[in-house]
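S.K.: Below are the chains, spelled out letter by letter.
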Amino acid sequence: MLMSQIGITRVEQEVQVGVARLVDAVVNKYGRSRGKLIPMLQEIQSELKYLPRQALEYISRKLGVSLSEVISVASFYHQFRLEPVGDYVFQVCFGTACYLRGASEVYESLKSATRNTRIAVEMTVEKARCFGCCSLAPVVMVINTKTGDKSIYGRLTPSEARKIALKYSTLTHGK
Amino acid sequence: MNSAMYDIVYGRRDLRVHVPLSSCTLAAGSREVYKAVEDFINRKGINAEVHRVGCTGLCYLDPWIMVAGRGLPAAIYVNVRHVDVEKILARYLNRDFTGAYALRFKEGNVDYGVPLLDEKPEWRNQVRWVSRNCGLVDPESIDEYIMTGGYEGLRKALRMKREEVIETVKKSGLRGRGGAGFPTWLKWKITYEQRSDEKYVICNGDEGDPGAFMNRLLAESDPHRVIEGLIIAGYAVGATKGYVFVRAEKPLMADRLEKAVIEARERGFLGENILGSGFSFDIEVYRSAGAFVCGEETALIAAIEGRARPRQRPPYPATSGLWGKPTVVNNVETLAHVATIFQFGVDEFTKYGTEKSKGTKMFCVTGAVKRTGVYEVPIGTTIKKLVYELAGGPVEGKKIKAVQVGGPSGGCIPSNLFDLELDYETLQSYGAIMGSGGLVVIDDSGCMVNVAKYFTDFTLAESCGKCLPCRVGMKIMNETLERIVNGEGREEDLEILRDLGVTVIKTSLCGLGGSAPNPVLSTLRYFENEYREHVENKKCPAKVCPKLVTYVINEEKCRGCGVCAKYCPVNAITGVPGKPFTIDSSKCIKCGSCLVNCPFGAVEKA
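From first to last, the protein sequence lines are chains A and B.
Note that our numbering has the first sequence beginning at 7, numbered continuously upward.
Note that our numbering has the second sequence beginning at 1403, numbered continuously upward.
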């Protein structure tokens, strides 16, 4: 019992040390400048794939900016994620053209396809802002969060979207 | 075709194959096409090259390629798959042009049996002024931009006094292409007149309107034109530094602009003492983290300073902007116009447009039309011409009902008003705005109430929350619309929407709130009957709003697989495998799971 508690703490400590080290490196690179907060958060996120609470707390102390202000910036801009994501992120474009051509149905289809398998934790389905590929509507972008590779699928129907989700689910299993 | 253009089209070898590499063509598969062309050339060992270009804006033809062999016409092939490349090129080299979509230029009087691009309505009706190079030059080559006369405008401007540069822009009558149509010269003049040790010019490339991507297309296809315009703006107002503000979510646009800045610096168009004029100026590309309100200039400035949210105006950025210094914020297309005006002269520019609004504008036409794409036409072109002649009108069997102009800040114009001219004042007086020029065409399968709700979902999520009218007002409008589309609308709801809409517009702090109710007010104005159907009869005439339609299973299409029953969360679907299933409408919660998951399309809305 005690051992496992220590184990958890150790892992947490390691994570915290890692986050702190990363934030230190980023702050050193950009300087302790309030004006560089957004590029710094971008760089932290590109490493960790999201902005953990510890990173926000640590950078607020480092820069001498209140935590509420850091969170205000982090939660305001779309690019920033405050929650961890799966191996694959399915971004369904909700631009006007995609919406009119059935983005909601595609979104629901992906949601149910990922919900009904046991790999839900590794796939994230979310609504996204216009990609500007309106002539291919409705559009889904699949991001491999490990490699950063992006693939775009256009002119989708709900059942095609479902097939794509299933294809990626086997990739995830196979790794 | 002049000799510079000839060199760009035909290159220095026997054959040049142009493949567009921009975000939209890449999404359509042009990377694979590019590789296939490279493979073909290597395998055949011919003296040929692949030429990376940007995009023409004819999105419905993506991905396209242009093949130009010495002594042969430059032929365009469209909707090319990578597996088609070999056949296309082999035929072309045999002087067989079957399958070509069009010839790019007229070559002598030989009839090749393929129409000219200029004969196609979607091309003939355009005035390619600011988009002239898009799809022709390599966006990552400053040499090709210079071959087309690029940076000549800057040379001319630097030989003028600052006042003369501003006077030239005044004479052109150029107005901001980002939305409000503010005279560009006036912004410049106010900033020029400020006394300050530092001044800034910013290129606004945020482009957050869903349905608008002309700035991305322009900056990805001809980035130097934008940079040249920004340098001229910087010189005119006496700025020390320029910023290009781009979303991190549009990485290719940011990369191309960044590369253009580096190349321009290497050639002495940026940096100390530019072209020996004594003017020193540099540009930084700023990658924003993305928020719709950043299209608003004070929010954009806040983002560069590392903060969020817009602020009260006045003071306007022209007097107190970035870091409290006088700042000009111009849109991507506006700056590209500046460079083009200085290159070709004011008189060429003012040939087009209306009395109050000179020149051309790029419009994105998407939604329910045959030819979605970006079209550059003179300001004052009618909606009808743009939607029917250029974009090809409705898809088979459908009827166009309205266009939505200007995105979440704009409004809907019904089809009986399609003779209206696209200019700032006309659109505004009919409840829409020009905005950045996005037109989404809606046909009879679209529900106007649902569209209005969609836009309030968007603006509600994008509201920064600083001022009450926008934060709370949009919330109440959104909830009211939610009620209506769910069939719970009340008699007084339409009045609430009208009343609140006007209040939010009048009292919001920035342009986002000041225009957010437009999509609701304009649909109420022209499509009140659709609202009434939802409220009074609990019906959605277009069968779009999920709660107002019933789901039924078409017995002829159903094969009895039972997938629908498996996905139904309330067990409303029953049946025997192999025979048609049925939906119990008293149990059905209209979630749509069955329709989305049926492999045979047997679930229908009624």
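Everything labelled a hint here was simulated from the structure, so no lab data went into it.
Misleading hints may appear alongside valid ones.
[To be verified] These stretches of chain B come out as covered by chain A in the derived footprint (C-beta under 8 Å, 3 or more residues): (1) 1458-1470; (2) 1609-1616; (3) 1769-1776.
Idealized CB from N, CA, C, for every residue including glycine.
S.K.: Could you run down the list of hints and mark each one as holding or not?
M.R.: We went through each hint and held it up to the structure:
{"no.": "1", "hint": "1458-1470", "verdict": "holds (count 3)"}
{"no.": "2", "hint": "1609-1616", "verdict": "holds (count 7)"}
{"no.": "3", "hint": "1769-1776", "verdict": "holds (count 4)"}
In this structure, none of the earlier numbered hints is contradicted; all agree with it.
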